[in-house]
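Chemist: Note that the protein sequences, when read in sequence, are chains A and B.
Plus 17 on top of the position in the first sequence (first one is 1) and you've got the working numbering.
Plus 12 on top of the position in the second sequence (first one is 1) and you've got the working numbering.
Just so you know, these hints were derived from the structure itself, not from any lab.
Note that the Cβ used here is the ideal one computed from N, Cα and C, for glycine as well.
Please note: incorrect hints may appear among the correct ones.
Stated by the list, open to error - Covered by chain A, per the in silico footprint, the following chain B stretches (three or more residues, Cβ under 8 Å):
1. 192–204
2. 211–217
Said to hold, decoys possible - Each computed DSBU-like pair below joins lysine-lysine, with the alpha-carbon atoms no more than 35 Å apart:
3. 115(A) - 151(B)
4. 124(B) - 115(A)
5. 151(B) - 211(B)
6. 179(B) - 104(A)
7. 124(B) - 44(A)
8. 49(B) - 112(B)
9. 192(B) - 101(A)
As the list claims (entries may be wrong) - If you want the ones that stay clear, here's a sample from chain B, every Cβ over 12 Å from chain A, calculated:
10. 36
11. 46
12. 49
13. 61
14. 72
15. 74
16. 85
17. 88
18. 89
19. 104
20. 127
21. 135
Okay, here's what each chain looks like letter by letter:
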Amino acid sequence: MNQKIEEIKMRIRNITVIAGIYLRYAKRNPGFYFLQVVFLPMSILIPLLILTQGLIVDLAVGSLICTQVVMTIQDVGDIVSGDKARKSRSFFITTPIKPTDYMIGIALAPLGYNVIGGAILLAFCRFALGVSIEPTQLFGIVLVLGATWFISALVGFGIAEYGPRNWYHTGAICGIVSFFVTFLAPVYYPVERLPPILRFASYFLYTANLGSIGRSIMMGTSVDIVSVCALVCFLLLCLLIVIRGLNWREL
Amino acid sequence: MPIKRAIGVMPQEASPYGALTVWEHISFFTRLKGLSKKEASVETEKALKLLDLEDRRNEEVDTLSGGLRRRVILAQAITNNPKLLLLDEPTAGFDPAARKRVWEIIIDFQRKKETTVILTTPYLDDARAVAQGIVIFNKGKVITQGSVEEVMSNIGYEVEIELENRKEISDIMNAHGIEKIKIDGDRIIAWITWKDLQKIVGSMTSLGLSASNMKISRPSLDEVYLDILRRV
């Protein structure tokens with residue numbers, strides 16, 4: 018039992034060390050990262066608010082999801098493809114850490130600054146836009162954002178792991194995927210605005226499901242169970258793909 | 013205990029993380045060997061001192077030269093007193109002074125800390141000083157292996173001699189079946205075994221020829237390597 022606890026402690030420590038390695042980039046350039054996590058979602062939210070003059074809750078939920086998606090897919094993709102290109106992964110493979118710890122450590126790094134972006138945007142929605150957020154709603158939204166971060170990290174991982182060898186190409190693919198799942202998918206707008214066939218197709222996009230769940234939480238309506246199931250399936254599929262890709266021998 | 017905790021690895025092609033300082037890089041990867049923050053800090057200090065990186069501790073790895081980056085990777089490999097050190101071209105890109113220092117460190121680990129060191133290097137004569145065994149590969153296949161002496165004797169000669177080019181000397185060489193000979197102006201260079209050397213000196217003495225101006229040298233491991241490759 019004690020040995021098991023020690024092992025868990027060790028794994029948590031390893032994960033935080035790995036996250037710390039990649040967070041150093043943000044620590045060295047805090048202004049740059051701050052602008053990225055705040056400026057991008059804001060620069061989309063504000064014009065949309067002016068243009069639509071409504072849909073405030075939809076836009077708020079869309080922006081919050083955007084804070085987690087864009088930076089996570091891009092950063093995890095960059096980190097993984099960078100490690101592959103520079104062959105830096107051998108530093109980890111030759112230590113006793115497990116592949117899953119490496120993966121979680123990398124995923125945690127963008128969360129370090131995404132949390133700040135999410136908190137600022139949430140405060141903006143609450144105080145500047147007057148969106149009412151009850152504690153239970155806040156808890157639900159945090160869960161949605163956590164799921165967004167985790168699945169986005171897996172998507173970034175998958176793209177970099179199975180994608181092109183050239184990391185510039187990986188970066189471009191991550192950008193395109195982020196754009197697609199954030200702006201084309203019904204994240205900033207309700208799924209009902211789509212024609213029926215596309216409405217069905219949107220169940221295959223995790224962000225559309227998260228957007229739908231997030232809107233239901235904020236509006237106090239019942240959560241679409243199909244969205245939840247689709248999300249769980251997508252999460253399991255991503256996990257399976259990523260864990261298969263990360264396979265080094267433990268000695 | 014996982015085996016990997018007892019291994020220190022210096023990969024050849026892996027680039028260190030540029031945004032980390034020298035201290036952070038060594039310390040982070042030392043912690044991943046299972047050490048606490050405090051233990052890793054002590055080990056990092058030792059490694060910095062050993063590899064003369066103390067002055068560079070707060071410099072970001074990105075700002076270092078190629079040789080210094082390699083030193084950072086070597087430093088993180090030697091922390092936590094590994095039982096097995098796997099070094100892929102540990103002195104590549106080092107200036108002569110740093111190269112000498114690295115070989116000293118490797119010898120120190122091998123002899124005082126009883127660490128098993130497996131390394132690859134193109135500097136064969138440097139390796140000769142530390143190697144208890146050598147394996148020579150060509151295109152992924154083992155061509156020869158054994159102790160330095162065994163590898164050298166496998167190629168059929170152990171010493172290089174240089175003598176005055178005289179008919180009597182040529183006759184002695186022919187009489188003893190020495191084939192690996194090169195005539196260089198007024199000198200004869202031959203590659204022979206220690207046994208052949210004894211016979212040649214014996215024959216010269218019996219003919220009243222002096223062996224005092226014979227130059228004897230051991231072929232370098234580089235020459236042996238090239239010779240082996242020529243035969244493959």
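Chemist: Output the numbers, in ascending order, of every earlier hint that fails for this structure.
Modeler: 1, 2, 5, 6, 7, 9, 10, 11, 12, 14, 15, 16, 17, 18
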